[in-house]
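Protein chains: 2
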Amino acid sequence: MAEVPLHGGDPSVLRRLNLAATLRGLRGGGEPTVTELAGQVGLSRPTTEGVLVELVGRGLAEEVAPDAGRRLGRPARRYRFRAEAGYALGMEIDARRVLLLLADLDGRVVGVHRADLEVDCPARERLTAVRAAVATCLAEADVSRSRLWAVAAGTPGVIDPSGRVAFCTVVPDWDGVHLARELGRSFPCPVLVENDANLAAVAERWRGAAQGVDDLVYILAGLHTGTGTVIGGRLHRGRWGAAGEVGVIPGLGLRDTTEELAGEPQPGVAERMAEKVLVAAQAGDPAARARVERLAARMAVGVAAMVLAIDPETVVVGGALTLAGDLLVTELRRHVQPFCLSPTRIEASTLGDESVGLGAVRLALDRIDDVLFRIEGPG
Amino acid sequence: MAEVPLHGGDPSVLRRLNLAATLRGLRGGGEPTVTELAGQVGLSRPTTEGVLVELVGRGLAEEVAPDAGRRLGRPARRYRFRAEAGYALGMEIDARRVLLLLADLDGRVVGVHRADLEVDCPARERLTAVRAAVATCLAEADVSRSRLWAVAAGTPGVIDPSGRVAFCTVVPDWDGVHLARELGRSFPCPVLVENDANLAAVAERWRGAAQGVDDLVYILAGLHTGTGTVIGGRLHRGRWGAAGEVGVIPGLGLRDTTEELAGEPQPGVAERMAEKVLVAAQAGDPAARARVERLAARMAVGVAAMVLAIDPETVVVGGALTLAGDLLVTELRRHVQPFCLSPTRIEASTLGDESVGLGAVRLALDRIDDVLFRIEGPG
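Which chain is which? The protein sequence lines are A and B, in order.
When you line the first sequence up against our numbering, it's residues 1 to 379, in that order.
When you line the second sequence up against our numbering, it's residues 380 to 758, in that order.
The set of hints was computed from the structure by calculation and includes no laboratory data.
Note that the structure is predicted; figures quoted are calculated from it, not measured.
Beta carbons are placed, not taken as given, at the ideal position from N, Cα and C, and that holds for glycine.
Where hints are given, some of them may not hold.
[Claimed, not checked] Examples of chain B residues toward chain A, derived with CB under 10 Å:
(1) F566
(2) P569
(3) G591
(4) G630
(5) D635
(6) V648
(7) A649
(8) M652
(9) S721
[Said to hold, decoys possible] Which stretches of chain A does chain B cover? Using the computed rule of at least three CB atoms under 8 Å from a CB of chain B, they are:
(10) 231-243
(11) 275-286
(12) 298-308
[Claimed, not checked] Output of the computed footprint for chain A on chain B, the stretches with three or more beta carbons under 8 Å from beta carbons of chain A:
(13) 462-468
(14) 554-561
(15) 678-686
(16) 690-703
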């Protein structure tokens with residue numbers, strides 16, 4: 001005697017409910033028969049067949065060719081999710097390079113492309129170089145632009161909710177660039193823009209060092225050091241997209257981290273010097289180790305501020321300063337933990353230099369899923 | 380043709396759905412007739428009548444006496460929510476006092492009681508004094524202990540998820556006290572314990588300076604300065620209940636804030652001195668103003684760290700150091716905003732010394748509502 005109406009009894013809502021449930025069932029993997037799928041989703045066989053016709057028509061499902069080696073009799077038809085129906089493009093744009101990751105609807109990466117960028121080039125040239133890199137990436141993967149369903153980009157700085165770079169000290173001439181609109185011109189699909197450390201946090205939870213962790217802080221140790229936060233399994237952007245920017249406070253040790261390690265103020269040179277210091281320290285050089293330890297002690301205040309503000313389960317440390325080995329992470333662990341009141345774990349990123357790009361892929365896929373699994377109508 | 384089952388068709392779930400919906404309708408206020416209530420909730424008249432019988436039986440609703448001045452004919456029966464069916468007790472326990480707020484199920488405060496506590500007394504004596512204060516408060520309000528449906532207490536320090544004081548520097552002998560269990564012995568209902576600044580944040584959103592604000596940070600400026608955070612409308616406790624404890628980092632200016640203002644290290648004396656400084660500064664005394672300004676500049680780093688970590692819409696500043704006037708808040712505004720990347724507002728608390736106690740009332744009421752409006756069964 002249900003008197004509480006289910007979605008007002010709107011038949012189009014019920015159709016979408018059934019569609020979404022069936023799609024979810026198919027995406028779970030395997031190649032189910034109609035009967036298996038109907039049982040799994042909890043719909044009748046005729047309803048499931050109707051939904052499958054619609055999904056096949058939309059290119060999201062297809063009948064699997066019957067296995068040639070099977071015994072006599074007509075085999076039951078089997079279906080699979082067509083992950084190649086559409087693609088998500090994730091990108092990281094920073095001062096020195098663009099990284100592009102192209103993934104199918106299951107998040108399988110089918111194309112990777114890296115291109116160097118001029119640190120000091122104007123925003124317009126940077127955008128031109130990004131567009132050229134996108135064209136190359138798509139051509140290499142043999143995926144046409146029209147098959148992109150969503151694009152997301154991560155970049156340093158505060159990104160406002162409209163996708164504009166509201167504040168950026170790391171990339172020259174980047175302040176005020178409406179990146180979502182600029183990139184949007186090149187694509188026939190939604191384009192999202194997000195702070196790079198935020199995306200790295202999302203990626204570490206998806207496929208990195210914080211899988212299954214709902215509350216985490218990511219430390220992106222680079223030229224400056226940025227942070228990203230996931231709370232309750234969701235990216236915490238903050239009211240104006242500026243959450244995690246504790247690095248702007250001078251005393252917290254997160255500004256000019258690369259220069260500090262390199263003992264060299266020129267950005268381009270500092271990065272090469274910093275890498276040398278890290279490699280030498282990793283190899284046991286006492287002077288280099290002392291430098292890394294000094295940097296970790298300095299950064300510990302800012303990292304501890306984030307840990308104490310958020311009280312996450314896990315901190316993941318990644319970024320350019322961790323690519324030469326785990327030493328910075330080990331030292332941070334030693335210097336941060338004395339400040340902390342909780343047994344927060346501090347882990348090294350396991351995604352190399354792809355954290356930001358992978359997070360962008362995840363963000364784009366989430367956007368696609370929002371549409372695929374939308375139950376309410378467009379209104 | 381809904382094939383997606385609604386709660387598995389469990390009739391007890393449907394009954395609870397109807398009960399919760401009707402209760403919500405009644406709590407909206409007014410004294411609706413059965414027909415009005417049925418229309419508002421979307422149930423049939425007979426179902427609504429059945430639910431009302433159950434609510435009246437449970438003491439949650441009652442028929443309102445018909446208006447004597449009405450015209451002839453039998454008037455339609457009207458019903459109201461019985462907010463006096465149960466009570467929530469909220470308390471603040473700190474080093475120097477206990478504040479008790481007793482509220483009915485609508486959150487109307489029907490009893491307030493304050494008692495001084497000895498700063499240096501052992502935990503056991505503190506608990507005894509709290510119990511005596513509770514007895515007095517209930518007697519004054521003429522509410523028997525058996526009518527309490529939930530109790531919540533706010534206290535300084537890190538409170539672990541079980542309600543134990545895991546870390547506390549402000550209240551002597553308080554570290555390690557299992558406050559939820561100790562208080563639980565005195566009450567026949569659930570007892571919740573939470574960090575004091577966390578509860579103040581909840582209260583400011585409920586009835587204070589941050590109504591309608593989903594993302595806020597509360598700064599409790601007292602002996603030390605604690606912070607509480609609400610994100611997306613929900614209290615953010617952190618993984619181990621330690622969120623917001625940036626004050627433990629020495630350089631952030633949130634430790635020993637009262638002593639710093641007083642220029643006097645003895646806690647009992649420092650509070651009286653600090654109040655004198657604040658009153659003098661408010662009256663325009665230049666030396667006192669300089670002290671307040673110096674404190675604000677020092678605290679600004681810690682407050683900015685919270686603002687930059689969380690990026691809230693609003694910061695509310697309350698606690699003992701704000702009770703003598705808005706000067707500290709004004710000075711904080713001036714010193715914090717240069718650090719910030721977002722137009723976060725900084726507001727003075729409007730709840731006086733009752734923020735923590737009111738937040739405790741809200742927490743207890745939320746617990747009561749969880750039970751009243753529970754739709755799933757106890758399993």
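Which numbered hints fail: Hints 1, 2, 3, 5, 6, 7, 8, 11, 13, 14 contradicted; others consistent.
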